[in-house]
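Novice: The primary structure of each chain is shown beneath.
Protein chains: 2
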Amino acid sequence: MNELAGKIISGDIRSIARGITVIENDDAGSALLLKELYRHTGQAYLIGITGPPGGGKSTLVDKLIKLYRGQKKKVGVLAVDPSSPFSGGAILGDRVRMQQHATDGGVFIRSMGSRGHLGGLALSTSDAAKILDAAGYDIIIFETVGIGQSEVEVAGRVDTTVLVTVPGLGDDVQVLKAGTMEIADIFAVNKADREGVERCVIELGQLLSIKEMDQSTFLPPILQLVAKDNIGVAELASAVGKHREYLMADNRLDQKRKARLKSEVHNIIINRLDKWARARLTREMEAGEDLEGLYQKRTDPYTVAERFIKELQI
Amino acid sequence: MNELAGKIISGDIRSIARGITVIENDDAGSALLLKELYRHTGQAYLIGITGPPGGGKSTLVDKLIKLYRGQKKKVGVLAVDPSSPFSGGAILGDRVRMQQHATDGGVFIRSMGSRGHLGGLALSTSDAAKILDAAGYDIIIFETVGIGQSEVEVAGRVDTTVLVTVPGLGDDVQVLKAGTMEIADIFAVNKADREGVERCVIELGQLLSIKEMDQSTFLPPILQLVAKDNIGVAELASAVGKHREYLMADNRLDQKRKARLKSEVHNIIINRLDKWARARLTREMEAGEDLEGLYQKRTDPYTVAERFIKELQI
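Protein sequence lines correspond, in order, to chains A and B.
1 is the number of the first residue of the first sequence in the working numbering; add one for each residue after it.
1 is the number of the first residue of the second sequence in the working numbering; add one for each residue after it.
Calculated directly from the structure, the hints in this document are not laboratory data.
Note that the coordinates shown come from a computational prediction; the quantities given were computed from them, not determined experimentally.
Don't take each hint at face value.
All copies of an identical chain are treated as equivalent in the list; a pair is satisfied when it fits inside any one copy or across any two copies.
[Said to hold, decoys possible] Computed cross-link-like contacts, DSBU-like style, restricted to lysine-lysine with a CA-CA straight-line distance of at most 30 Å: (1) K297 <-> K74; (2) K297 <-> K242; (3) K74 <-> K310; (4) K72 <-> K310; (5) K73 <-> K297; (6) K297 <-> K7; (7) K275 <-> K310; (8) K228 <-> K242; (9) K258 <-> K275; (10) K297 <-> K35; (11) K258 <-> K310; (12) K72 <-> K297; (13) K73 <-> K7; (14) K74 <-> K7; (15) K258 <-> K297; (16) K297 <-> K256; (17) K35 <-> K242; (18) K73 <-> K310; (19) K35 <-> K275; (20) K256 <-> K74; (21) K258 <-> K242; (22) K256 <-> K275; (23) K256 <-> K310; (24) K66 <-> K228; (25) K228 <-> K72; (26) K297 <-> K275; (27) K310 <-> K228; (28) K66 <-> K256.
Generate coordinates for the entire structure from the input sequences, incorporating the hints supplied.
Specialist: In structure tokens, the structure reads:
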């Protein structure tokens with residue numbers, strides 16, 4: 001076995017960090033490392049904490065870390081930052097948080113940024129979770145800043161998705177709710193000491209009431225929290241536990257994880273094809289007349305794209 | 001020429017709407033329609049209005065519509081909603097907005113939702129903009145709800161990107177700013193009658209000061225607005241005009257649009273490959289032992305993916 005893989009499985013923190021860097025940079029050894037680690041995965045439980053900015057997700061995650069550490073569980077946190085394709089990921093705030101837990105070997109926090117490749121962030125986050133899983137972390141939390149596509153992608157990669165919202169976000173929250181209604185297993189209304197909390201809870205309840213359900217559907221609870229004062233955090237962890245029990249029954253967790261595996265394979269394929277197309281296109285367009293011809297409207301994007309696809313004979 | 005294409009070029013509103021539906025559904029005629037329309041595009045100016053939820057973007061866009069209509073310009077708005085891959089797009093709020101301008105043939109508003117395909121939203125939005133462009137709309141506004149990847153993608157598809165933020169969004173705004181610093185041409189601090197506006201402006205200024213610039217770089221202005229009271233809206237439109245002038249000099253707009261074309265071609269290719277991989281994978285996994293084997297860890301996602309890629313001989 002690869003030396004790095006061995007050290008990761010033994011739980012060595014530095015090797016875990018190095019492994020994630022290998023994945024993020026998509027180094028040559030990345031696929032090999034993941035192939036070796038894969039059969040050591042499957043024990044961790046994956047929780048997604050997502051929602052719009054300003055919801056206090058970092059604070060909530062900190063409280064959850066403390067709670068799970070109190071239960072002697074090892075906790076890994078992957079702070080997903082889709083808004084920084086350029087900065088490459090590491091956010092100042094996460095460094096501060098990491099220092100706070102620096103003396104605790106049972107906590108690993110890492111922020112991951114997108115490199116702008118399609119589906120790249122979902123893939124590298126899933127792969128980083130595999131490293132933590134193989135290293136013996138019991139709970140892995142995906143913390144996503146942002147709403148939108150990335151949120152939906154992350155939800156597809158975890159076992160339980162918690163949507164964190166706050167009172168008084170305005171009209172856009174309607175949009176948020178409509179889009180995330182399908183992915184949230186638990187709603188956490190944070191900063192519930194603020195004005196407007198009742199309205200927020202009622203609106204969520206109304207939206208839930210139009211969700212299609214039958215007797216076997218898990219009814220997402222709507223919890224009120226003041227995470228900074230540790231109010232409602234234990235209840236949230238308990239709701240996660242209940243959702244986990246729900247998934248364990250009737251093979252639902254197996255089904256969910258199988259669907260995730262399929263989506264991961266798809267993601268790996270597309271990631272490779274994306275790289276191929278990018279390189280191929282750059283070479284062609286820099287050498288040839290294509291780009292100028294496109295701009296001068298002697299041809300069009302669809303005609304050019306179709307020529308490339310033909311090469312693949314699919 | 002295709003009848004629909006002809007009607008779109010003549011500016012027929014119903015045909016424009018039908019054309020966008022054809023694109024969104026990715027109907028067979030979609031590529032053909034776009035090939036025909038392409039040489040009629042290039043006259044419209046594309047503006048992206050983006051930022052976190054609760055920023056008052058819809059209100060701002062409404063005020064901009066009125067301002068541009070006062071200048072006799074035809075305005076198209078594509079409200080991009082990456083958070084609704086399931087709902088398929090049309091948001092209640094947009095229907096209300098559309099009715100408000102229903103009697104004005106010079107305004108076209110449409111919301112577009114993602115169907116969950118990689119890069120699908122960026123592609124269909126760009127293509128919808130081409131329809132509006134060919135139909136003679138002078139200004140096309142991409143309004144994105146959300147922060148993150150979708151925002152960056154949209155910024156790649158417009159001429160001028162306006163980032164709308166508000167005071168008091170909390171710590172997550174640091175993340176937002178770091179990620180969007182690279183894409184924003186203009187900063188609009190809306191709801192500037194709220195507490196904390198000075199701090200917000202100062203923070204943006206500080207972040208801007210670390211941006212790498214030389215004499216030829218456009219310095220993004222930081223504007224203060226109260227869009228609901230129409231305060232600062234004319235100044236924003238004027239800033240957009242100045243950025244446009246900047247782009248017109250030294251062929252910058254040509255360069256930007258050429259880069260966009262290249263990215264569009266790439267997007268079309270990946271969209272097709274994504275569909276191929278999805279269908280191929282579903283067929284294979286449903287028929288064969290792959291998924292069960294993966295789940296039982298007899299193989300791993302990378303090994304399965306590599307087998308598929310080999311077929312393509314790239």
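Novice: When no copy is named, should K297 and K7 be tagged within, between, both, or neither for a Cα gap of at most 30 Å?
Specialist: The answer is between: 21 Å across copies meets 30 Å, while 56 Å in one copy does not.
Novice: Have a look at K74 and K310 and pick one of within, between, both or neither, based on CA distance no larger than 30 Å.
Specialist: Classified as neither; 50 Å inside a copy, 39 Å across copies.
Novice: Using 30 Å as the alpha-carbon threshold, which applies to K310 and K228: within, between, both, or neither?
Specialist: Answer is neither: 56 Å inside a copy and 51 Å across each miss the 30 Å cutoff.
Novice: Regarding K297 and K242, is the shortest C-alpha distance of 30 Å or less found within a copy, between copies, in both, or in neither?
Specialist: Between copies only: 27 Å across chains, 59 Å inside a chain, cut-off 30 Å.
Novice: Using 30 Å as the alpha-carbon threshold, which applies to K228 and K242: within, between, both, or neither?
Specialist: within (23 Å within a copy, 44 Å between copies)
Novice: Using 30 Å as the alpha-carbon threshold, which applies to K66 and K228: within, between, both, or neither?
Specialist: within (12 Å within a copy, 43 Å between copies)
Novice: Could you place K72 and K297 in one of the four classes (within, between, both, neither) given a Cα distance threshold of 30 Å?
Specialist: between (64 Å within a copy, 28 Å between copies)
Novice: Is it within, between, both, or neither for K297 and K74, if the alpha carbons may be no more than 30 Å apart?
Specialist: between (58 Å within a copy, 23 Å between copies)
Novice: At most 30 Å between alpha carbons: which applies to K258 and K310, within, between, both or neither?
Specialist: Answer is between: at 23 Å across copies they meet the 30 Å cutoff, but 32 Å inside does not.
Novice: For K256 vs K275, is the C-alpha pair at or below 30 Å within one copy, between two copies, both, or neither?
Specialist: Both ways: K256 and K275 sit 29 Å apart in one copy and 22 Å across, limit 30 Å.
Novice: Are the CA atoms of K74 and K7 at most 30 Å apart within a copy, between copies, both, or neither?
Specialist: within (17 Å within a copy, 63 Å between copies)
Novice: Within a copy, between copies, both or neither: where do K73 and K7 come within 30 Å Cα-Cα?
Specialist: Cα proximity of K73 and K7: one copy only (20 Å, versus 64 Å across).
Hints 3, 4, 17, 18, 27, counting from the list given before, are not met by this structure.
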